[in-house]
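Q: Residues per chain, in single letters:
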Amino acid sequence: MRKKLVSAAALAASAVLVMTACSPSQSGGGEGGESDAGGGDSVRIGIKYDQPGLGFREGDGDPTGFDVEVAKYVAGELGYTDDQIEWVQTPSANRENALEGGEVDMILASYSITPERDERVDFAGPYFVAGQDLLVRAGETDITGPETLDGKNLCSVTGSTSAQAIKDDYSEGVELVEQGGYAECVTYLESGQVDAVTTDDIILAGLAATPENSEKFEVVGNPFTVERYGVGIPTGSDMCEPINEAITKMKDEGAWQEALDTATEGTGYIPDEELNNGPEAELESCDD
Amino acid sequence: MNGFFELFAEYDVLGAFWMNIKLTALAAIGSFILGTILALFRISPVTSFRTIGTAYINIVRNTPLTIIMVLGVLAVWGQLKVEFFGDFDLNFFAYAVIALSLYHASFVCEAIRSGVNTVPLGQVEAARAIGLTFLPAARIVVLPQALRGAITPLGNTLIALTKNTTVAAAASVAEASGLMSTMIEFNPDLMIYIFLTIAIGFCILVIPMGIVTTWLSDKLAVAR
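Protein chains in written order, with the numbering used here: chain A, 24 to 311; chain B, 9 to 232.
Hints were generated in silico from the structure; no laboratory data involved. Treat each hint with caution, since some may be false.
[Stated by the list, open to error] With a Cα cut of at most 25 Å, we get these calculated SDA-like pairs of lysine to any residue:
(1) A:Lys175 - B:Ala182
(2) B:Lys89 - A:Gly203
(3) A:Lys190 - B:Phe142
(4) A:Lys190 - B:Trp26
(5) A:Lys175 - B:Ala83
Predicted model, so just to flag it, every value in this text is computed and none were measured.
Given only the sequences and the hints, what does the whole structure look like? Please build it.
A: Quick look at the structure:
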């Protein structure tokens with residue numbers, strides 16, 4: 024019995040070691056020729072599957088949304104046709120691992136550029152500048168911004184753009200509920216159990232633009248943080264420059280605006296002009 | 009490792025674990041009471057009581073805890089608008105404790121029933137012979153012996169309950185696993201250390217429970 028226990032303990036210990044070994048130490052993907060711009064067999068792009076308007080996919084159907092349109096355009100500029108794109112689902116918590124482990128060549132999944140993330144991956148872009156905002160029931164006039172939420176109920180997603188920040192910095196008297204996904208938050212908003220949902224404005228606009236939600240909700244349009252959505256690529260990748268060029272071209276050609284309009288149709292949502300043309304929209308340097 | 013210790017200043021890690029401990033304690037009490045009642049149902053001489061007990065066990069034991077938790081919050085709170093407390097935090101805490109209690113009661117019931125099976129039939133016959141009816145016989149003679157025989161499975165259930173408190177994140181309770189998601193979202197460079205911190209925290213909670221369970225089951229076993 025004792026012997027068995029010892030060997031079980033040893034097994035558990037080695038399992039922990041193996042798990043540790045798979046993570047950050049194994050960095051610097053993209054050594055292979057595969058990530059070279061242009062002409063390869065296929066390109067694997069990480070997107071979200073559960074954010075209508077940004078990255079959304081039902082079953083094996085074609086994914087839709089703004090992230091997806093930008094990804095297609097960028098891939099096109101790199102020399103890949105739409106058929107050569109292999110879509111991979113990359114949930115928030117898994118994005119750095121997917122890039123480091125070489126599961127994807129690039130990620131466009133409402134991926135804000137932050138210094139902490141920059142430690143593990145590189146960013147091209149940003150291709151969009153979002154900001155944390157509020158989604159309310161259509162016709163709501165009391166809520167105009169984060170400081171008007173005292174005594175209201177607010178929903179956000181666990182481990183995401185922090186609703187706690189609203190409580191700490193703006194409205195102390197706000198009641199918070201955190202859920203697994205924004206779909207739950209929207210059902211509460213509809214049933215009246217919460218008065219507002221918070222996350223990045225374009226995600227909210229995408230939620231409000233789905234056919235089942237149309238005309239029911241509206242985005243307040245008073246963003247109070249800056250979230251620069253970048254294209255995540257493995258550290259040391261040579262794709263940064265070409266991606267930046269592709270993004271610039273997409274904006275110049277008007278395809279960018281077109282994709283955005285389609286994704287948020289019918290919500291009256293207009294991305295913050297100042298943010299998307301100001302210094303925040305300046306492209307990341309590819310030199311680091 | 010850079011910035012790892014600042015995490016403890018920025019996030020209330022101990023507070024999150026304290027929430028798991030509170031959930032465990034209250035749900036342990038709730039599920040023990042409900043589980044004992046269910047066990048009485050299942051060993052009772054009345055057929056309809058036994059049917060009710062069996063039905064509860066079979067339905068609840070085979071439903072994933074997440075479903076019960078989400079059903080509570082999404083349907084009962086979200087649509088039927090049942091509120092136990094005006095304060096959100098307290099309200100969701102109550103939902104989590106109720107869901108955990110309902111779920112684990114079925115396991116507690118089966119643990120106690122396995123303990124009842126260790127009580128020799130002669131004990132029950134003797135209790136009836138001196139004139140005790142079902143409830144007094146169960147309370148004075150059968151259950152005390154059954155519980156002492158059921159320490160190990162009850163301990164296992166308590167350990168499972170402790171780890172299952174992480175599901176309360178689905179009910180918007182600020183506990184350790186939800187905090188882990190938040191910390192990883194904002195500090196992906198420290199992902200592995202954050203994960204290990206939470207994992208070790210649960211080891212610290214659970215390992216003593218296993219040791220105490222083994223010790224108690226040796227000490228309290230009914231010598232036959």
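Q: Run every hint past the structure and note whether it holds.
A: Evaluated hints:
no.	hint	verdict
1	A:Lys175 - B:Ala182	holds (19 Å)
2	B:Lys89 - A:Gly203	holds (19 Å)
3	A:Lys190 - B:Phe142	violated (56 Å)
4	A:Lys190 - B:Trp26	holds (22 Å)
5	A:Lys175 - B:Ala83	holds (21 Å)
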